[in-house]
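> Those sequence lines, one after another, are chains A and X.
Each residue of the first sequence is one higher than the one before, counting from 301 in the numbering used here.
Each residue of the second sequence is one higher than the one before, counting from 3 in the numbering used here.
No wet-lab data here; the hints were simulated from the structure.
No experiment lies behind these values; they were computed from the predicted model shown.
Yeah, the Cβ is synthetic: ideal placement off N, Cα and C, and Gly gets one too.
Be a bit skeptical, because a hint or two may be false.
[To be verified] Chain X side only, calculated, beta carbon under 7 Å to chain A, not exhaustive:
1) Ala40
2) Phe100
3) Met116
4) His119
5) Val122
6) Pro171
7) Ile258
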Amino acid sequence: MILSVASGKGGTGKTLVATNLSLALSSKTRVQLLDCDVEEPNDNLFLRLPISYSQFVYIPIPSIDEAKCTYCGKCSEVCAYNAIAVLPQKVLVFPELCHGCGACSYLCPEEAIVEEGKPVGVVEKGKRDNLELVQGLLNVGETMAPPVIRAVKKYVDVGREVIIDVSPGTSCPVVEAIEGSDFCLLVTEPTPFGLNDLALAVEVVRKMDIPCGVVINRAGMEEGETERYCREQGLPILLRIPLDREIAALYSRGIPLVEGMLQWREVFYELFEKISAMVDGGRNSGDGIKEEHQE
Amino acid sequence: MKEIVILSGKGGTGKTSVVASFASLTRDAVMVDCDVDAADLHLVLNPQVEEENEFWSGEVAYIDSEKCNECGLCQELCRFDAIKNFKVDPVSCEGCGFCAHICPLGAVDMRQTMAGHWFVSRSKYGTLVHAKLGIAQENSGKLVSVVRQHARTIAGKENAKYIISDGPPGIGCPVISSLSGAEAALVVTEPTLSGIHDLERVLDVCRHFGIPSAVCVNKYDLNDENTQRIQDYCSDQGVAFAGKIPFDNIVIEALIHKLPVVEYSPECTVSREIERVWQFITE
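Working from the sequences, and respecting the hints, build out all of it.
Structural data, given as structure tokens:
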């Protein structure tokens with residue numbers, strides 16, 4: 301199963317849920333955790349796995365062979381991102397605007413454009429016992445997270461239970477990370493901000509036709525509104541993590557809940573079992589859960 | 003006019019609560035919500051929307067199945083895996099138009115997409131410019147530029163002293179778009195390992211773009227040792243330390259009452275510290 305953990309609002313506890321779920325599950329089976337929050341990856345602050353593999357992520361950007369170029373302007377005309385400007389005797393490329401689509405090099409009538417890799421980030425891997433981590437790291441100053449997320453997801457190991465930690469928000473990096481999941485767990489907190497952003501995240505996963513459920517973190521305050529929303533939307537609340545100073549203190553020190561408070565091991569394992577049963581149930585009855593995601 | 007962007011790296015450290023309090027303290031600013039994916043500032047400022055605008059951005063490919071002979075060239079060349087079974091997945095399509103250029107039958111059309119809305123609203127604290135990016139849309143960076151540009155124009159007209167900008171989490175496209183050309187950044191962090199890790203990355207981004215920055219630690223007493231680490235880090239890096247705000251449930255209470263905490267409970271320590279941070283960054 302591929303299970304993604306998302307939220308809409310930042311700081312609601314995605315990393316907390318993704319890392320603890322991975323650790324709890326890895327005591328019983330082989331698990332792969334993909335940290336797709338490539339702008340701010342935090343999972344390994346908690347797992348502390350030794351990184352044994354590291355690979356640059358490149359996007360192809362055009363390089364102009366001015367000996368062949370006739371300054372016809374075709375490349376600039378086809379570039380949708382204004383990343384190439386053709387002057388009478390010079391071609392300017394703006395790498396930070398380039399999406400690496402390849403149109404310019406393919407369509408250049410003089411074959412004067414070759415593509416060169418520009419590093420935009422890194423993918424790293426680490427392993428301990430049953431648990432494998434793959435994390436992406438966007439270079440500082442780079443704008444485009446999706447190529448790094450795609451690079452992380454190339455390592456998906458379907459022989460394992462896969463958990464994906466998603467970045468906050470509702471735009472392209474989130475879609476890229478969630479795509480292909482069998483289930484999406486949405487972590488929220490019972491505040492007006494948490495609820496507003498939960499509703500946005502629910503719209504995203506529904507648009508992508510992925511079944512979802514909710515985890516309420518820092519529970520124990522005014523949960524009425526969040527509960528009402530979930531009930532109205534038919535969203536199952538699968539877990540509540542209380543607002544608790546001990547939990548917050550462990551988190552602040554980078555200690556996983558399942559290691560600092562052992563009773564949580566079983567709780568997270570049960571959460572996974574619950575989701576597993578929902579996904580299998582959906583598959584058998586065929587309502588909205590797609591077989592193609594299992595490839 | 004001085005534009006101050008509030009960032010955090012890590013989400014949920016308290017950016018929006020701090021921005022709302024600043025708005026209430028100064029009453030001489032235009033506010034702009036640059037977290038266009040998950041905008042929340044309006045929930046505290048309770049503004050009246052006065053102007054609603056469509057945000058048209060980018061294009062998405064569309065294949066005319068009547069003209070398409072399923073040669074597969076577009077599928078083979080698309081770098082974003084956005085074409086499957088001779089249909090375009092609009093969510094994956096990045097609008098490069100490569101497919102439209104190379105289709106031998108001219109069966110691919112590029113269509114403009116409406117990617118969201120942006121608003122100019124009036125609140126008792128001043129004007130708020132905010133936006134709602136369409137669900138699962140791209141170009142959040144462009145939408146951020148749009149709202150910032152309008153905030154600048156309005157601030158000029160109103161002769162406002164400040165633009166206070168509530169930034170998005172992370173370090174990518176919308177963050178860079180929020181930051182470029184601003185006068186100063188305040189990074190709100192929390193004393194957790196994740197908070198520190200993300201703070202370091204976002205400060206690197208500020209440095210990369212030459213924006214002077216200051217740091218404030220929210221909920222500092224959750225871990226005094228980590229707060230000290232952050233202070234040490236700032237002094238090592240020559241980054242100004244703007245102050246520390248204690249953990250108090252009053253912040254959430256204020257939020258539930260839809261009020262900035264400095265207004266909900268002006269005398270509490272949290273409010274006094276936020277006021278001190280505001281004085282620090284505006285001096």
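> Confirm or reject each hint.
Hints, verified against the model:
1. For Ala40 of chain X, the suggested interface contact is upheld, since its CB lies about 4 Å from the closest CB of chain A, less than 7 Å.
2. Checking Phe100 of chain X against chain A by beta carbon gives a least distance of about 4 Å; that is within 7 Å, so the hint holds.
3. Using the Cβ-Cβ criterion of 7 Å, the hint placing Met116 of chain X at the interface with chain A is not satisfied: the shortest such distance is roughly 15 Å.
4. Interface restraint check: His119 of chain X against chain A, minimum CB-CB distance 13 Å, threshold 7 Å, status violated.
5. Checking Val122 of chain X against chain A by beta carbon gives a least distance of about 20 Å; that is not within 7 Å, so the hint is violated.
6. Because the closest C-beta pair between Pro171 of chain X and chain A is about 4 Å apart, less than 7 Å, the hint holds.
7. Evaluation of the Ile258 of chain X hint against chain A yields a held restraint, the C-beta minimum of about 6 Å falling below 7 Å.
Of the numbered hints given earlier, the model fails hints 3, 4 and 5; all others are met.
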